[in-house]
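Number of protein chains: 2
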Amino acid sequence: MHILILGAAGMLGRKLAERLARDVTLGGRTVDRLTLVDVVKPTVPAGFAGLCECLAVDLASEGAASGLATRRPELIFHLAAIVSGEAEADLEIGYRVNLDGTRALLDAIRIEGGSGWRPRVVFSSSNAVYGGTVPDVIDDTFVVTPQTSYGTQKAMGEQLLADYSRRGILDGIGLRLPTICVRPGKPNRAASSFFSGIIREPLAGQEAILPVADTLRHWFTSPRSAIGFLIHAATLDLARLGDRPNLNMPGLSATVAEQIEALRRVAGDKAVALIRSEPDPAVERIVSGWARAFDPARARALGFTAETRFDDIIRAHVEDELGGTIA
Amino acid sequence: MHILILGAAGMLGRKLAERLARDVTLGGRTVDRLTLVDVVKPTVPAGFAGLCECLAVDLASEGAASGLATRRPELIFHLAAIVSGEAEADLEIGYRVNLDGTRALLDAIRIEGGSGWRPRVVFSSSNAVYGGTVPDVIDDTFVVTPQTSYGTQKAMGEQLLADYSRRGILDGIGLRLPTICVRPGKPNRAASSFFSGIIREPLAGQEAILPVADTLRHWFTSPRSAIGFLIHAATLDLARLGDRPNLNMPGLSATVAEQIEALRRVAGDKAVALIRSEPDPAVERIVSGWARAFDPARARALGFTAETRFDDIIRAHVEDELGGTIA
Numbered sequence: 057m058h059i060l061i062l063g064a065a066g067m068l069g070r071k072l073a074e075r076l077a078r079d080v081t082l083g084g085r086t087v088d089r090l091t092l093v094d095v096v097k098p099t100v101p102a103g104f105a106g107l108c109e110c111l112a113v114d115l116a117s118e119g120a121a122s123g124l125a126t127r128r129p130e131l132i133f134h135l136a137a138i139v140s141g142e143a144e145a146d147l148e149i150g151y152r153v154n155l156d157g158t159r160a161l162l163d164a165i166r167i168e169g170g171s172g173w174r175p176r177v178v179f180s181s182s183n184a185v186y187g188g189t190v191p192d193v194i195d196d197t198f199v200v201t202p203q204t205s206y207g208t209q210k211a212m213g214e215q216l217l218a219d220y221s222r223r224g225i226l227d228g229i230g231l232r233l234p235t236i237c238v239r240p241g242k243p244n245r246a247a248s249s250f251f252s253g254i255i256r257e258p259l260a261g262q263e264a265i266l267p268v269a270d271t272l273r274h275w276f277t278s279p280r281s282a283i284g285f286l287i288h289a290a291t292l293d294l295a296r297l298g299d300r301p302n303l304n305m306p307g308l309s310a311t312v313a314e315q316i317e318a319l320r321r322v323a324g325d326k327a328v329a330l331i332r333s334e335p336d337p338a339v340e341r342i343v344s345g346w347a348r349a350f351d352p353a354r355a356r357a358l359g360f361t362a363e364t365r366f367d368d369i370i371r372a373h374v375e376d377e378l379g380g381t382i383a
Numbered sequence: 057m058h059i060l061i062l063g064a065a066g067m068l069g070r071k072l073a074e075r076l077a078r079d080v081t082l083g084g085r086t087v088d089r090l091t092l093v094d095v096v097k098p099t100v101p102a103g104f105a106g107l108c109e110c111l112a113v114d115l116a117s118e119g120a121a122s123g124l125a126t127r128r129p130e131l132i133f134h135l136a137a138i139v140s141g142e143a144e145a146d147l148e149i150g151y152r153v154n155l156d157g158t159r160a161l162l163d164a165i166r167i168e169g170g171s172g173w174r175p176r177v178v179f180s181s182s183n184a185v186y187g188g189t190v191p192d193v194i195d196d197t198f199v200v201t202p203q204t205s206y207g208t209q210k211a212m213g214e215q216l217l218a219d220y221s222r223r224g225i226l227d228g229i230g231l232r233l234p235t236i237c238v239r240p241g242k243p244n245r246a247a248s249s250f251f252s253g254i255i256r257e258p259l260a261g262q263e264a265i266l267p268v269a270d271t272l273r274h275w276f277t278s279p280r281s282a283i284g285f286l287i288h289a290a291t292l293d294l295a296r297l298g299d300r301p302n303l304n305m306p307g308l309s310a311t312v313a314e315q316i317e318a319l320r321r322v323a324g325d326k327a328v329a330l331i332r333s334e335p336d337p338a339v340e341r342i343v344s345g346w347a348r349a350f351d352p353a354r355a356r357a358l359g360f361t362a363e364t365r366f367d368d369i370i371r372a373h374v375e376d377e378l379g380g381t382i383a
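So the protein lines, in turn, are chains A and B.
Under the numbering used here, the first residue of the first sequence is numbered 57, with each subsequent residue one higher.
Under the numbering used here, the first residue of the second sequence is numbered 57, with each subsequent residue one higher.
Extracted from the complex, chain A is given alone in its bound form (with noise of 0.2 angstroms):
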């Protein structure tokens, strides 16, 4: 089996090829060839057997993805994205990314397909899809009125992907994830990395900033659970999609509080103690208005999981990230 994987450098799509690598079987068969593509040069991971192919490309760029589509994956998981922060700062850049990038992706797999090739896409989507005035919960039925542009290059290339899907070109899976939480590694540029690194950096010792009040609800799940969602989705029966192939992730909802009173149950007073307070206006107005909690029921009738408290999130960091242990 082939595996195709854009963005394959980024957090989401490193841990995805290691888990590919590590299960070396996918609904049965073996993955005996990865293409790992993003803008930076991914790695080959740990212990990969089979052929693997490490691409430097700019999937927006000029017959960039049409020479991809050549080489007939049968599985493309699509992770490739500029952050909501830089797509909001950047106008041109998200939409060239974010928009084109996919639309390239879609067109070139309709262009080489047609003789027996119709892979399944893999598209990761975000709840940023919801904002502005939305329930306290969200059903699947519920009108996606992002209100940043990455939101809305998210919410245009599901409906790319739901039409391509609907005429046959390929078989099109959407998983709109939560915010990922606790993110490894550094800060990023989205908006949401705080979230991550008012827990990440007093579990290292490390001081964290905290941009918006602690009365702020948010709906998270773990990097292991997202990894788990996208091997769900590349062997699920896509008939049980039915005219809707974009789905709303399974999460958990925690305000700040209820994160900061986690990782005092997990890590104890002097983690929390690291935490500083200093309120900045263009992160509050950007994730202000997005989507506080779901009620993914299609996601969860259809086999996906995702961690149910918060202190579970926090120990799967530990346990993935730091080893089993605290600093």
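Since the hints were derived computationally from the structure, they do not count as laboratory data.
Just so you know, not all the hints are guaranteed correct.
Listing some non-contacts, in silico: residues in chain A with all C-beta distances to chain B over 12 angstroms [unchecked claim]:
1. R89
2. G187
3. Q262
According to the in silico footprint, chain B covers these stretches of chain A (three or more CB under 8 angstroms from chain B) [to be verified]:
4. 196-202
5. 209-222
6. 295-303
Glycine included, each C-beta is placed from N, C-alpha and C at the ideal position.
With chain A fixed as given, assemble chain B onto it according to the hints.
For chain B alone, kept in the frame of chain A given last:
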């Protein structure tokens, strides 16, 4: 006041230009300049006393939109589109005109604007953004899941319009028009064309083809009401739209059988006898995925109004197109 109409050679565009010429003013201001654009050169509306420039322009072609933006119209009606049947038959032309054309317009405004020019953009979207598994009556918060490429392209245009409005690049309002009935003139390549044909042709003493079962329910408004929506949208206080500039327009829900009974009341059995049933699976497939009825509470609260009886829709056609008499 300088007004640009894109799609000015189309049915709505022509009627809109004629209405503006007749009214002379809009929102208390004199309409002293019209720029009328379409892929074929539009005509100057009868009696218009101001400056009227008629241009044959392909909006999606290189530099076309920016050429129009340099004219800095205060109000833009963007009605230009490839219709549903053609967009379904030809993926490339549909995306080029309906998505790329809209994006080119919005980007041209972004690049030209910023020094005191922020035009109002009234965008004609469509109830075709809804589809698939929908409730009998769709409310204003129901999810948009189009089941045609046309509906997809309109939904994507709406998202762009909302994002560019939110950013302050333009003042956008998107109107999801019901199926316009009775469309004057000849059948077009819209899959919805027969909804008008089965009224229009018999009123003119000609045979009409009905390609679907008469139990099909659909959502209608007259050309007269549609022009009323556009005019109302041009002067409405847009602050009242909040964070959702795209609106379901009012209309009238009727089955094909109810359309036919209204025709019988207005024009008698001899008109109804001219309708010939000839099922067309391609048309059935497209229109069966469309919405059947709406509760457009937001639009009604904002002052948009439409007919409430199908007889009135037929009478509007007889008055506006047939000089008040039936063949």
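Evaluation of the provided hints:
With 12 angstroms as the threshold on Cβ separation, the claim that R89 (chain A) sits away from chain B holds: the shortest Cβ distance comes to roughly 30 angstroms. A Cβ of chain B approaches the Cβ of G187 (chain A) within 12 angstroms, the least distance being about 7 angstroms, so the stated non-interface status is violated. Residue placement check: Q262 (chain A) keeps its beta carbon more than 12 angstroms from all beta carbons of chain B (closest about 35 angstroms). Judged by the Cβ-Cβ criterion of 8 angstroms, the region 196-202 of chain A is covered by chain B as claimed, because 7 of its residues qualify and three suffice.
Taking a C-beta to C-beta cut-off of 8 angstroms, the region 209-222 of chain A contributes 7 residues in contact with chain B, enough for the three needed, and the coverage statement holds. Look at the region 295-303 of chain A against chain B: 3 of its residues bring a Cβ nearer than 8 angstroms to a Cβ of that chain, three or more, so the hint holds.
The structure fails hint 2 only (numbered hints given earlier).
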